[in-house]
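Asker: Given next are the chains, with one letter for each unit.
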Amino acid sequence: NAGVTQTPKFQVLKTGQSMTLQCAQDMNHEYMSWYRQDPGMGLRLIHYSVGAGITDQGEVPNGYNVSRSTTEDFPLRLLSAAPSQTSVYFCASSPRQGNSPLHFGNGTRLTVT
Amino acid sequence: DAKTTQPNSMESNEEEPVHLPCNHSTISGTDYIHWYRQLPSQGPEYVIHGLTSNVNNRMASLAIAEDRKSSTLILHRATLRDAAVYYCILRITDSWGKLQFGAGTQVVVTP
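For the record, the sequence lines run as chains B and V. Read in order, the letters of the first sequence are residues 3 to 115 in the numbering used here. Read in order, the letters of the second sequence are residues 4 to 114 in the numbering used here.
By construction, these hints were calculated from the structure, which means they are not laboratory data. Glycine included, each C-beta is placed from N, C-alpha and C at the ideal position. You may find that some hints are simply not true.
[Stated by the list, open to error] One side only, chain B facing chain V, incomplete, derived with CB under 7 Å:
no. : residue
1   : F12
2   : G44
3   : F106
[What the hints assert, rightly or not] Ranges of calculated distance between the beta carbons of each label pair, as one might list FRET restraints:
no. : chain 1 : residue 1 : chain 2 : residue 2 : range
4   : B       : D58       : V       : T33       : 44 to 52 Å
5   : B       : T7        : V       : M62       : 21 to 29 Å
6   : B       : M29       : V       : M62       : 13 to 21 Å
7   : V       : N59       : B       : M29       : 23 to 31 Å
8   : V       : S12       : B       : L81       : 18 to 26 Å
9   : B       : P97       : V       : I77       : 36 to 44 Å
When you get a sec, could you build the whole thing from the sequences and use the hints?
Answerer: Rendered as C-alpha cells:
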C-alpha cells in the first residue's frame, strides 16, 4: 500500500512560472486536502475536497487552484508562482467518517526565486 | 475555532517517559482532542485521539482532564525515533479533516 504519494519531492521555479503539484492516494479516501508549511510554523490549509467533483477553499487559498476529477488524485496548481509561495506542501487524505485520522504524504519542497 | 496552547519544546532522556501538556480552555462539547507528530522531513503522522476518557494505543497514551480544558500526551519510553514536533489539535466531528495546526512542541530526546 503506497498511501499518499506526492510528486515531485523538490522543485525550483522562477517568479511567474506555473506548475502542478501532484497528489495521489490508493486508499479510496473521499476526503483530500492540501496544506502548506512555512519555517517554524504549523500547517495551514489551502484547499480541500470531500469527493470527486467537489472542492472548497481553506485558510490560505489565494494563488492556488485545485480540481478533483477522480477519487484518487487531487492536483494543486500554481498559475503564476511568487516568492511568497516558497514553502513545503503536504497533501492529506482520510475516509469520510467522523474522526478518521488524516494520512499525509511526505511533502513537496518548493522554492520560487 | 477553539485553540490549543503547547510549550515550544521539551527535552527527555532516552527510555524515560515524556509528558506533553496541551491547554484548550475554550474546548466545546463536540471537539475531539487529536495528536499528530511530525518527524524531520516527513509529513505529519497521526498519534492518538480522544473525547472524554483516557485513551491508549501502541504509540502513546492520552490523559484528558475531567473538565476537558487540558490534556497530556504520554510517551511511555522515549526513543530517539520519538524526536519530533508534536501537535495537539481540536477537531469537530465531520469537520472534513480541516485540522488547525499550531506551532506544536519540539521534543528532543537525549541518548
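Asker: Once the shortest beta carbon distance from B:F12 to chain V is found, is it less than 7 Å?
Answerer: Not OK, violated: B:F12 not within 7 Å of chain V, min 11 Å.
Asker: Is it true that V:N59 and B:M29 lie within 23 to 31 Å of each other by Cβ?
Answerer: Given range 23 to 31 Å: holds, Cβ gap about 25 Å.
Asker: Should the hint that B:F106 touches chain V count as held when the rule is a Cβ pair under 7 Å?
Answerer: Nearest chain V Cβ about 3 Å off; hint holds.
Asker: Can B:G44 be said to touch chain V, with a Cβ gap under 7 Å?
Answerer: It holds, given that the least Cβ distance between B:G44 and chain V is near 3 Å, below 7 Å.
Asker: Between V:S12 and B:L81, is the Cβ distance one that fits in 18 to 26 Å?
Answerer: violated (38 Å)
Asker: May I ask you to test the hint 36 to 44 Å on the CB atoms belonging to B:P97 and V:I77?
Answerer: Given a distance of about 27 Å, which is not inside 36 to 44 Å, the answer is violated.
Asker: Quick one: are B:M29 and V:M62 within 13 to 21 Å, going by C-beta?
Answerer: Check passed, 20 Å falls within 13 to 21 Å.
Asker: Could you say whether the range 44 to 52 Å given as a hint is met by the Cβ separation of B:D58 and V:T33?
Answerer: Violated, at about 21 Å.
Asker: Do B:T7 and V:M62 keep their Cβ atoms within the hinted range of 21 to 29 Å?
Answerer: holds (23 Å)
Of the hints listed earlier, those the structure fails to meet are numbers 1, 4, 8 and 9, in rising order.
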